[in-house]
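S.K.: Below are the chains, spelled out letter by letter.
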Amino acid sequence: MFSEEKLNKVKEIIARYPAGKQKSALIPVLHLAQEVSGGWLSSETMDYVASLLQITPIEVYEVATFYSMFNLQPVGQYVFEVCQTGPCMLRGSDNIIDYIKKKLDIGVGQTTKDGLFTLKTVECLGACGYAPMMQLGKHYREHLTPEKVDAIIEECRSKAN
Amino acid sequence: MAEEKKLFKVKIDNISVEVEPGTTILNAARQIGGDIVPPAMCYYSKLKGSGGKCRTCLVKVSKGSDADPRPMPKLVASCRTTVMDGMEVANITSPEVLEARKGVVEFLLLNHPLDCPVCDQAGECHLQDLSYEHGADSTRYEFKRRTFDKVDIGDKIQLHMTRCILCYRCVFTADQLTEKREHGVLGRGEAAEIGTYIQQSLDNNFIGNVIDVCPVGALTDKTFRFKNRVWFLKPVDAHRECNDPKCCGKVALWMRGDEVFRVTARKDKYGEVEEWICDTCRFDKKEVKDWVIEGPRKIERQSVISQGHYVGVNKPKETLVEVLDGRQPKLLLDIHNISEVNKPNIDLSQINGPAHSDDFNK
Amino acid sequence: MGRKLLFDKAHIEGIRYYDVYRANGGYGSAEKALKSMSPDQVLDEVKKSGLRGRGGAGFPTGMKWSFIAKPEGVPRYLVCNADESEPGTFKDRYLMEFLPHLLIEGLLISSYTLGCNSCYIYIRGEYAWIPDILEEAIADAKKNGWLGKNIQGTGFDLEIYVQRGAGAYICGEETALIESLEGKRGNPRIKPPFPAVKGLWDCPTVVNNVETLATVVPILRIGGEEYAKYGTGKSTGTKLISACGNINKPGVYEIEMNISVEEFIYSDEYCGGIANGKRLKACIPGGSSVPILPANLLLKTAKGEPRMMTYESLADGGFATGTMLGSGGFIVLDEDQCIVKNTLTFARFYHHESCGQCSPCREGTGWMKRVLLNIENGKGKMSDIDLLWDIQRKIEGNTICPLGDAAAWPVAAAIRHFRDEFEWHVLHPEEATKRNYGLAHYADPLEIAAPAAV
Ligand SMILES: Cc1cc2nc3c(=O)[nH]c(=O)nc-3n(C[C@H](O)[C@H](O)[C@H](O)COP(=O)(O)O)c2cc1C
Ligand code: SF4
Ligand code: SF4
Ligand code: FES
Ligand code: FES
Chain Z
1 MFSEEKLNKV
11 KEIIARYPAG
21 KQKSALIPVL
31 HLAQEVSGGW
41 LSSETMDYVA
51 SLLQITPIEV
61 YEVATFYSMF
71 NLQPVGQYVF
81 EVCQTGPCML
91 RGSDNIIDYI
101 KKKLDIGVGQ
111 TTKDGLFTLK
121 TVECLGACGY
131 APMMQLGKHY
141 REHLTPEKVD
151 AIIEECRSKA
161 N
Chain W
1001 MAEEKKLFKV
1011 KIDNISVEVE
1021 PGTTILNAAR
1031 QIGGDIVPPA
1041 MCYYSKLKGS
1051 GGKCRTCLVK
1061 VSKGSDADPR
1071 PMPKLVASCR
1081 TTVMDGMEVA
1091 NITSPEVLEA
1101 RKGVVEFLLL
1111 NHPLDCPVCD
1121 QAGECHLQDL
1131 SYEHGADSTR
1141 YEFKRRTFDK
1151 VDIGDKIQLH
1161 MTRCILCYRC
1171 VFTADQLTEK
1181 REHGVLGRGE
1191 AAEIGTYIQQ
1201 SLDNNFIGNV
1211 IDVCPVGALT
1221 DKTFRFKNRV
1231 WFLKPVDAHR
1241 ECNDPKCCGK
1251 VALWMRGDEV
1261 FRVTARKDKY
1271 GEVEEWICDT
1281 CRFDKKEVKD
1291 WVIEGPRKIE
1301 RQSVISQGHY
1311 VGVNKPKETL
1321 VEVLDGRQPK
1331 LLLDIHNISE
1341 VNKPNIDLSQ
1351 INGPAHSDDF
1361 NK
Chain B
2001 MGRKLLFDKA
2011 HIEGIRYYDV
2021 YRANGGYGSA
2031 EKALKSMSPD
2041 QVLDEVKKSG
2051 LRGRGGAGFP
2061 TGMKWSFIAK
2071 PEGVPRYLVC
2081 NADESEPGTF
2091 KDRYLMEFLP
2101 HLLIEGLLIS
2111 SYTLGCNSCY
2121 IYIRGEYAWI
2131 PDILEEAIAD
2141 AKKNGWLGKN
2151 IQGTGFDLEI
2161 YVQRGAGAYI
2171 CGEETALIES
2181 LEGKRGNPRI
2191 KPPFPAVKGL
2201 WDCPTVVNNV
2211 ETLATVVPIL
2221 RIGGEEYAKY
2231 GTGKSTGTKL
2241 ISACGNINKP
2251 GVYEIEMNIS
2261 VEEFIYSDEY
2271 CGGIANGKRL
2281 KACIPGGSSV
2291 PILPANLLLK
2301 TAKGEPRMMT
2311 YESLADGGFA
2321 TGTMLGSGGF
2331 IVLDEDQCIV
2341 KNTLTFARFY
2351 HHESCGQCSP
2361 CREGTGWMKR
2371 VLLNIENGKG
2381 KMSDIDLLWD
2391 IQRKIEGNTI
2401 CPLGDAAAWP
2411 VAAAIRHFRD
2421 EFEWHVLHPE
2431 EATKRNYGLA
2441 HYADPLEIAA
2451 PAAV
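Chains as they are written, first to last, in my numbering: chain Z, 1 to 161; chain W, 1001 to 1362; chain B, 2001 to 2454.
Simulated from the structure, these hints should not be mistaken for laboratory data.
Possibly wrong hints are sitting among the right ones.
Below, simulated DSS-like cross-link-like pairs (lysine-lysine); rule was C-alpha separation at most 27 Å, straight line [unchecked claim]:
#: 1; chain 1: W; residue 1: K1011; chain 2: B; residue 2: K2191
#: 2; chain 1: B; residue 1: K2047; chain 2: B; residue 2: K2004
#: 3; chain 1: B; residue 1: K2191; chain 2: W; residue 2: K1046
Using the sequences provided together with the hints, build the complete structure.
M.R.: This is how it looks when you write it as structure tokens:
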């Protein structure tokens, strides 16, 4: 499932730990696996990771279901993860969430019909001073306004085409 | 010259005991015995790493040790705190401990379905005993309880997750008794559950022991389900030559007349198994001729099974509304949602005279 | 301008790159430590500095380091806690993004002191772009002989690795972090044993916050004694404060621990006052888990003294009238903000983040969230307020790790100081969905209790 390059990356990660402690590579390798499998982890993917690290599948399931960044269901191509905790709420994150819901015509946790966008609410992402904010892929989008949200949606649409 | 082993002096609820260094407060209390033993829902002396999670065994350390007499700032889990020389501990003599324990019991029961009337574990459920002894009379939780569908993990064991208190005992059991653990704790926080992720059956000749370690009715023996209530059965000690070297072959048979309804390991007064048994003995040997009967088993634990009936229940003479301080009784569960015995299509009020099992078998 | 020790060079263009950092005196402290001091001498300087852990608990760093077990032939590990997930806190992120070499230099000195040859930076998974910055800086430091084998010819070896988490606040708790680093669920361990004896892979381990470890650099530069002259009393040195909420200038500030809360909020050097000309209603000065204070108790202690930005002054009055400096996540609420709503978001946060291992936290956090949601939605009862109080009381102190306390405190403090706002929500459910309770009396000057006659 992994390319040669990714397999080398896995080897490099395992080498960070003492011999026999390759289980420590589990979370980094799950990140890699999620990246190459459309942003989510199927049970086949997890079983593959288990075999790579020579651990039992249940050890992988236990971890994958614990951490909120691992998606166990398919998600849209672009996932809007809008923070809703206190500091962001004080700065109007609720309005941003409502705006995105209307604009994309989806509820929290749903994906648009074209499979492009998923809206999620998340808890504090450590950008409270730059609120309201969301995570989009690897990066944060901060100081959100309805206009900025519009621009982000346009940007994603044009990239997708 | 052999060094003389120094014992630690500990006082629990003003009763002194001398124990080996490294002993936990809970085990020191068990050496004293009686009422001062803290209840333990997750600790299991035969499982390494168990304990610390349920918080029912919290106690107050009013004196740390002779060397450092300061009290500990918080209540501690007695199952995971080792004694020091000169330590003084308060369990049932501390109102603070009793209050905290009541809180813990309330938390444990918060999402519990309270379906004891249809639960196989009723009568030997530690949560039932615990709430009876330490719990409040009614729930203050007004929200929908968490529910899960029950699942079969294999054809011998059923998991009824709604009843689970996440003690992790079954996980430790699988880790320590079987070659490859196939079930575990999935999800996080309130959504954490015991499961296999992809439905699969657990098969390993020792996995059946999870049934015995489970303090509630979350893991039950499918080969026994609903056949009978435990308090109608007589436990009998028995043994056989088991060819699995890890199995002790010493069991308790739960019998009625000449029929073996269920086979379990033998449990001590704290509800812990004395020795593990294999799945062949547990699930496949249900004939009297399979066993050498030793004699009736004495159940030491104070529980409903010890006497064949509920102990210490004062039947109220008042009406239910009076007992509940004027509140109308609430429907806590709809028995038809849960029970496969009481068929919903049979209307009890339409039956002439007392209902009989035949009425349900029509 | 307040004196700076961490951000003194932060304005320099390109300071995040090795050459610029080095040209401005970077790695000077490491050079001094590795080449002219023994590990014990470095430890001594850190002890003298009075540095206290910047991750939230404020435990003296020098003392923590002296606890590490040193059994023969067993490796020791330093783990840098970059999980930064406490709502209101975003200071470590700034350090790592803009001053990565300052952190690496701090890790080098600290590892040398503790005798560790491998060091892991455990960074929250959502900070997905920062590992690239750190790994680039690590590679540059290595190229220049500050990492790897035989560093600067001293014979000391060190490798630093970056490990990403994957979304779990609880992994900021040091034993949960260690579990996560071992590739497991982030369930906190039951202590003892403490990490200093049995930590990562059962070896002696020290876990310190990013800021704590970076601060070792200026301590070595100016000396522990000199460092201790910064700040006030036991709150020595400077502290990074991440300010957010309804203020004019949210951001990360380095303060010397000798300024007042009032100055921090209102001066143009820091927060620049409350946004949109509103008035201050309340503040949570140390991250979401510390008690919220109404404006009047925030600016002055119950004794009527000005409240200072120090560990001691913020905690003055205990939980009855004080709060905590915590991790320095400074959250400001203006007069239009609803305390019930704010408390609800925190309760939701802790419910979401509970690992689920122990029953009071697993069950209690969700219960509190649901009761608060009812109150917020106009379905609350008066008895719910007492119920909330009772639930938080039964969680606090009865759990495996401090997340239980962290979940209980915000609820307790909100009820303690803003009970009338909760009652108003219950009594005026219609109105409460349309408008806020407002500032009410929360900024009124407090009556100062006369000192007891002697
Ligand atoms: C629930 C919880 C979350 C925590 N999160 C963090 C965190 O994100 N970053 C951090 O540095 N410390 C965090 N801590 C504190 C750590 O357990 C630990 O005390 C700290 O890393 C020690 O470093 P210090 O002495 O340098 O402050 C957390 C503690 C708890 C109980
Ligand atoms: S299923 Fe039973 S043994 Fe397993 S965790 Fe739940 S309560 Fe404990
Ligand atoms: S207090 Fe909460 S987070 Fe900490 S161990 Fe218990 S359940 Fe987990
Ligand atoms: S509260 Fe939204 S990033 Fe911290
Ligand atoms: S028995 Fe001690 S915490 Fe569960």
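S.K.: All hints, please: hold or fail.
M.R.: So, going through the hints one by one against the coordinates:
For a cut-off of 27 Å, the pair hint linking K1011/W to K2191/B stands: about 23 Å separates their Cα positions. Under the criterion of a C-alpha separation no larger than 27 Å, the hint pairing K2047/B with K2004/B is consistent with the structure, at around 20 Å. For a cut-off of 27 Å, the pair hint linking K2191/B to K1046/W stands: about 20 Å separates their Cα positions.
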